[in-house]
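J.: Sequences are here, hints too, so could you generate the full structure?
In order, the protein sequence lines correspond to chains A and B. Under the numbering used here, the residue at position 78 of the first sequence is numbered 367, and the numbers go up by one with no gaps. Under the numbering used here, the residue at position 90 of the second sequence is numbered 1272, and the numbers go up by one with no gaps.
No lab work stands behind these hints, which were simulated from the structure alone. Among these hints, one or two may not hold up.
Unchecked claim - As a list, the in silico SDA-like pairs of lysine to any residue whose alpha-carbon atoms are at most 20 angstroms apart:
| no. | chain 1 | residue 1 | chain 2 | residue 2 |
| --- | --- | --- | --- | --- |
| 1 | A | Lys-357 | A | Thr-309 |
| 2 | B | Lys-1238 | A | Glu-391 |
| 3 | B | Lys-1234 | A | Leu-335 |
| 4 | A | Lys-367 | A | Ile-294 |
| 5 | B | Lys-1294 | B | Val-1193 |
| 6 | B | Lys-1238 | A | Thr-389 |
| 7 | A | Lys-367 | A | Glu-303 |
| 8 | B | Lys-1234 | A | Thr-389 |
| 9 | B | Lys-1234 | A | Lys-313 |
| 10 | B | Lys-1250 | B | Glu-1224 |
| 11 | B | Lys-1242 | A | Ser-296 |
| 12 | A | Lys-367 | A | Pro-350 |
| 13 | B | Lys-1238 | B | Leu-1201 |
| 14 | B | Lys-1242 | A | Phe-393 |
| 15 | B | Lys-1234 | A | Thr-309 |
| 16 | A | Lys-313 | B | Gln-1227 |
| 17 | A | Lys-313 | A | Leu-335 |
| 18 | B | Lys-1250 | A | Leu-335 |
| 19 | A | Lys-313 | A | Asn-386 |
| 20 | A | Lys-313 | B | Glu-1224 |
| 21 | A | Lys-313 | B | Asp-1282 |
| 22 | A | Lys-357 | B | Asp-1282 |
| 23 | A | Lys-367 | A | Ala-291 |
| 24 | B | Lys-1234 | A | Ser-296 |
Stated by the list, open to error - Residues of chain A placed beyond 12 angstroms of chain B at every Cβ, according to the derived structure:
| no. | residue |
| --- | --- |
| 25 | Gly-305 |
| 26 | Arg-353 |
| 27 | Glu-372 |
| 28 | Glu-396 |
| 29 | Val-402 |
Where is the CB? At the ideal position from N, CA and C, for every residue including glycine.
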Amino acid sequence: DAGVIQSPRHEVTEMGQEVTLRCKPISGHNSLFWYRQTMMRGLELLIYFNNNVPIDDSGMPEDRFSAKMPNASFSTLKIQPSEPRDSAVYFCASSSNVGTGELFFGEGSRLTVL
Amino acid sequence: GDSVTQMEGPVTLSEEAFLTINCTYTATGYPSLFWYVQYPGEGLQLLLKATKADDKGSNKGFEATYRKETTSFHLEKGSVQVSDSAVYFCALSDAPADNDMRFGAGTRLTVKP
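T.: Now the structure itself:
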């Protein structure tokens, strides 16, 4: 069974460029989460979707960040324009609505903005 | 709202030492409790869980008991190995009522040979 798949694994870009991170959740999972992890702030929830609908985006830092989930098997997190302070590891996770809410994480996308 | 507080560390132990990482929670309902582990360069993965009071979750020699009276879910292992070096996160979930998993700050464990 494939787990949560994220791409790219590593991205290095210059300040001002657009960055798009992608996530494929586990098939059959109804909820999808985007997290950001940094040394300074730890693990932060950015946004989560339930049945493709954004439920809570209060963690999205500012208007430069946007997330979409056009269908049950794909989500994107976009940063435009990117800034050096956006450098972090971005994790996608998914879970089933049935059960205890256990999250399954992808391996993360490490973003470096120069 | 619901929240989790865990011992932040870092924690450094010698191989075969006893490990305890404290975790307490605040919740209005009856959440499920989790410990996740993150090895270097990887995403978080579930280590163990407990879904109701007095349940004990266990995996890979790690244990944690859901204590409602003390609102705690402390992680323990009797004899740690170098391979246990990782960051450990305590978390709670009110799913299916609320799918938002609440994580603690994480505790970095380093085990030295």
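J.: For every hint, state whether the structure bears it out.
T.: Now for the hints, and whether the structure bears them out:
1. Annotation: proposed proximity of Lys-357/A to Thr-309/A holds, straight-line Cα distance about 11 angstroms (limit 20 angstroms).
2. This hinted pair checks out: Lys-1238/B and Glu-391/A have alpha carbons roughly 16 angstroms apart, not beyond 20 angstroms.
3. Restraint check for Lys-1234/B and Leu-335/A: not satisfied, since their Cα atoms lie roughly 28 angstroms apart, outside the 20 angstroms limit.
4. A hinted pair counts as satisfied when its Cα atoms are at most 20 angstroms apart, and Lys-367/A with Ile-294/A qualifies at roughly 17 angstroms.
5. Among the hinted pairs, Lys-1294/B with Val-1193/B is consistent with the structure: their alpha-carbon atoms are about 11 angstroms apart, no more than 20 angstroms.
6. Distance check on the hinted pair: Lys-1238/B and Thr-389/A sit about 15 angstroms apart at the alpha-carbon level, within 20 angstroms; holds.
7. Under the criterion of a C-alpha separation no larger than 20 angstroms, the hint pairing Lys-367/A with Glu-303/A is consistent with the structure, at around 15 angstroms.
8. Between Lys-1234/B and Thr-389/A the alpha-carbon distance is near 11 angstroms, which keeps this suggested pair within the 20 angstroms criterion.
9. With a CA separation close to 31 angstroms, the supplied pair Lys-1234/B and Lys-313/A exceeds the 20 angstroms bound.
10. Of the supplied pair hints, the one linking Lys-1250/B and Glu-1224/B is violated, its CA atoms being roughly 32 angstroms apart against a limit of 20 angstroms.
11. Pair hint Lys-1242/B plus Ser-296/A does not hold up; C-alpha atoms about 30 angstroms apart against a cutoff of 20 angstroms.
12. Taking the CA atoms of Lys-367/A and Pro-350/A, the gap is about 12 angstroms. The hint holds against a cut of 20 angstroms.
13. With a CA separation close to 16 angstroms, the supplied pair Lys-1238/B and Leu-1201/B stays within the 20 angstroms bound.
14. Restraint check for Lys-1242/B and Phe-393/A: the C-alpha separation of about 18 angstroms stays at or below 20 angstroms, so the hint holds.
15. Note on Lys-1234/B and Thr-309/A: the hinted pairing is violated, with a Cα-Cα distance of about 40 angstroms set against a maximum of 20 angstroms.
16. For the suggested pair Lys-313/A and Gln-1227/B, the alpha carbons sit about 17 angstroms apart, so the restraint of at most 20 angstroms is met.
17. A distance of roughly 17 angstroms separates the Cα atoms of Lys-313/A and Leu-335/A; the hinted pair therefore holds under the 20 angstroms criterion.
18. A C-alpha spacing of about 30 angstroms is found between Lys-1250/B and Leu-335/A, which places the hinted pair above 20 angstroms, so the restraint is violated.
19. A hinted pair counts as satisfied when its Cα atoms are at most 20 angstroms apart, and Lys-313/A with Asn-386/A qualifies at roughly 17 angstroms.
20. Simply put, Lys-313/A and Glu-1224/B have alpha-carbon atoms about 17 angstroms apart, close enough for the 20 angstroms limit, and the pair holds.
21. Our distance criterion of 20 angstroms between C-alpha atoms is met by Lys-313/A and Asp-1282/B, whose separation comes to about 19 angstroms.
22. Proposed proximity of Lys-357/A and Asp-1282/B is supported: the alpha carbons are some 18 angstroms apart, at most 20 angstroms.
23. Proposed proximity of Lys-367/A and Ala-291/A is contradicted: the alpha carbons are some 24 angstroms apart, above 20 angstroms.
24. Of the supplied pair hints, the one linking Lys-1234/B and Ser-296/A is violated, its CA atoms being roughly 36 angstroms apart against a limit of 20 angstroms.
25. Non-interface call for Gly-305/A relative to chain B: holds, since the shortest CB-CB distance, roughly 28 angstroms, exceeds 12 angstroms.
26. With a minimum CB-CB distance of about 23 angstroms to chain B, Arg-353/A clears the 12 angstroms threshold, and the non-interface call stands.
27. With a least beta-carbon separation of about 24 angstroms from chain B, Glu-372/A lies farther than 12 angstroms from that chain, consistent with its non-interface assignment.
28. Distance check for Glu-396/A against chain B: the nearest CB is about 5 angstroms away, which does not clear 12 angstroms, and the non-interface claim fails.
29. Val-402/A, annotated as away from the interface, keeps every beta carbon of chain B farther than 12 angstroms; the closest lies near 20 angstroms.
The structure is inconsistent with the numbered hints 3, 9, 10, 11, 15, 18, 23, 24 and 28, although it conforms to all the rest.
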